[in-house]
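Go by the hints and put chain H onto chain P.
Line by line, the protein sequences are chains P and H. Just so you know, numbering that gives the first Met the number 0 puts the end of the first sequence at 143, numbered straight through with nothing missing. Just so you know, numbering that gives the first Met the number 0 puts the end of the second sequence at 165, numbered straight through with nothing missing.
Heads up, none of these hints are tricks.
In silico lysine-lysine, DSSO-like type, Cα no more than 27 Å apart, as pairs:
(1) P:Lys86 <-> H:Lys101
(2) H:Lys52 <-> P:Lys20
(3) P:Lys10 <-> H:Lys52
(4) P:Lys86 <-> P:Lys10
(5) H:Lys52 <-> H:Lys101
(6) P:Lys20 <-> P:Lys10
(7) H:Lys21 <-> H:Lys52
(8) P:Lys20 <-> P:Lys86
(9) H:Lys101 <-> P:Lys20
(10) P:Lys86 <-> H:Lys52
The hints are simulated quantities; they were obtained by calculation from the structure and are not laboratory data. All values derive from a computational prediction rather than experimental measurement.
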Amino acid sequence: MTLTNIIGAAKAAGEPNAITKAIPYANFIGIDAYLDGEAVICTLAGSDLIIGNPILPAIHGGVIGAFLEHVALMQLMWDLAPGQLPKTVNMSVDYLRSGRLEQTHARGLVTRRGRRVANVRVEAWQSGSELPIAAAHGHFLIIG
Amino acid sequence: MSSFDPAESHNPIAADLDAAQKFADSIPHGRELGIRVEAIAPGRTQLVLPYQKRLIGNPETGVLHGGVITTLIDTASGCAVFSALPDLISIATLDLRIDYLKPATPREPLRADARCYRLTRNIGFTRAVAYHGDPDDPVANSVGTFMMNSSDAVFGLEELAGDTST
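Isolated chain P, as found in the complex:
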């Protein structure tokens, strides 16, 4: 099944987690996705696998960056027309607090969607969304 078909089937079922489950890396680091209205919310499970600093302990900054990129891509895959796919041009991640070893949530906001490029802002939080652990913005090419 192609990614386009997977996205189409997931949208028809209203089940964004079907897309995330089809992406090996998202499964490897422990991402899940669900819908809140039209927003795709992703969660990252706190596991020993993703520790960067074992003394604190804290989630690896690279994994947090990867999680934020995945959330942005998920929101775009959900929003784009059938047959269109997003491709990351760049990501800029601000690390605001160390990520504790517990479940992390994130959501992306598409601030502009043009014909060829979309701009997305993403925030990740743990105990409360008013205390984000990381924020990012990225540019994505729209293919197709």
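Just chain H now, kept in the frame of chain P:
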């Protein structure tokens, strides 16, 4: 690193490949990914990540997820800052910007060369590229900043620190 004087260094990983690998292995996620230190010098690191199916981002093409490139670059950049420091202190990523220049090639190991090109009392400034064979033909380019003394936790270095009694 103009500010770096090896004679004044109390940092065991600054130019020692085995110590640097021990440090990299003390990062659980780095060890899980099998990240190897290929070269280290004060303010410079080269890491390599073997290709793995579980790191695929596009199941149709087998291309790595961009996020794992972020992890490799973040690790390489942090190690470059660490190797530039005169003493072992904790650091934390403040921000990281990554441009994806072309897709990673499936089944090829990915390398990252990182440099800490400026170190102040509070901040380390980094540049890094990720590539397969030729660093002049990179998959991704990055700049980052790292905060010094981010916490009391300097991990994985207790036994290494013991090697450098002066």
